[in-house]
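Input sequences plus hints: build the corresponding full structure.
Now for the letters of each chain:
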Amino acid sequence: MKPAPFDYAAPASLEAALALKAKHGDDAKFLAGGQSLIPAMNFRLVQAHLLVDLNGLADLDYVRRADDGRLRLGAMVRQRRLERDSAIAGHSPLIHETMPFVAHPQIRNRGTLGGCLAHADPAAELPVIAVALGARFKTQSTRGERWIAAEDFFRGMFNTDLTPEEMLVEVELPRLPPRTGTAFVEFARRRGDYALLGVAAVVTLDEKGVCQQARLVYLNAGDGPVNAKEAAGILRGEKPSAAVIEAASAKAAQAEIAPLGNVHASPEYQRHLARVLGRRVLRQAFDRAGSQGK
Amino acid sequence: MHDISLTVNGQSYERRVESRLLLSDFLRHELGLSGTHVGCEHGVCGACTILFDGQPIRSCLTFAVQANGHSLATVEGLAKSQSELHPLQEAFWEAHGLQCGFCTAGILMTLVPFLQENPDPSENEIREAISGNLCRCTGYQHIVDAVKLAAEKMK
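If you're matching them up, the sequences are chains A and B in order. Per our numbering, residue 1 is the first one in the first sequence, and the count goes up by one each step. Per our numbering, residue 1 is the first one in the second sequence, and the count goes up by one each step.
Hint data in this document are derived by calculation from the structure and do not stem from the laboratory. It is possible that some hints are incorrect.
[Claimed, not checked] Stretches of chain A that chain B covers, calculated by requiring three or more beta carbons in the stretch to come under 8 Å of a beta carbon on chain B:
{"id": "1", "segment": "3–16"}
{"id": "2", "segment": "44–58"}
{"id": "3", "segment": "96–106"}
Source: prediction; values computed, not measured. Quick reminder that beta carbons are idealized off the backbone N, C-alpha and C, glycines included.
The structure is reproduced here in structure tokens:
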């Protein structure tokens, strides 16, 4: 229950941190909030030769609203700030609504946005939220920067598109169109536990109340965030009646998610949850989209 | 090995630590502050909760070397003197908010900033605030009662 020995560096600049990662590659790990990495090291599930501590990089802890309405979040923004910052809540209420489900206040005081995304736990909330909101991630290495759509970033269980030299440095959230509603629901055995299943919805209505765009993204329903595109296709072009919502959540539950099951929930039970929670989250998101138009 | 300097309960310390030393073990074994308890060592139980720059965190999920330059508070710093208790401790005593006491330090350190932010919390808010702290004795009801009593005392 104690970590194996490792070397530790606390670089004073992003450039110095990236230079260390370029030199050591997979032998080095970035230490952000440490709320997933340190338990894994305590269990000796993870051993690193070098930890590069990012907690001194204050310039990665920012929330900026760009002129075009996009919101830019630094990778080292703490989860507690995601939960409480009024600029974030005003721009993306889905984040504000979801954060209380992420572990406990003590964990959110340390845990970071970038750390959670780069960890890519299929049961985590933030990756699902990022995909549902159509976020983009900026990565940086000594060789330059690149942008990756959230949807292309997650590559399976604890696996991402990041190369051994790269760091996730920024998350960019688009401005949601008018008459867009968002919602998140999950089911966990105890508050703060990993959910047995969860789902986020982002839906947009036109002026006549017809669904223009929809995203339905599930957590703990496969080896990463599961974006139920066929279910979204069922919703698009339709008024969100009970029958349409039921058809979409049933499609996602039966045909699109691939739950692995665990000691607390069989895959069949997770599919049942997906159907019920999918229905609930869609109803709530459409209600919110509808009330915005008035 | 890394040289670190930090403040704990207002007192300055300088020590040389191995990078893998957890902050919880540092407090207990290097500084002799054994009031911070170690339960699960993977962030689930909350027994090791301390204040890091005023905010509650798990000291088992932070390395001692990361506390360099920071200000910490542990349960030893709550009471003003050896002969008196902090109002929150007093309320736990009066309302039977503890039995074996293993979880108590972590719960107190969670609640100190909580009561500063919410001087008049509802029962739901209290339960939410202690959701990250496991207690195997009390069933939580007396803890909730103690927090309500403490809020009264601290008004």
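Structure-based check of all given hints:
no.	hint	in the structure
1	3–16	holds (count 7)
2	44–58	holds (count 3)
3	96–106	holds (count 5)
Consistency note: the structure conflicts with none of the earlier hints.
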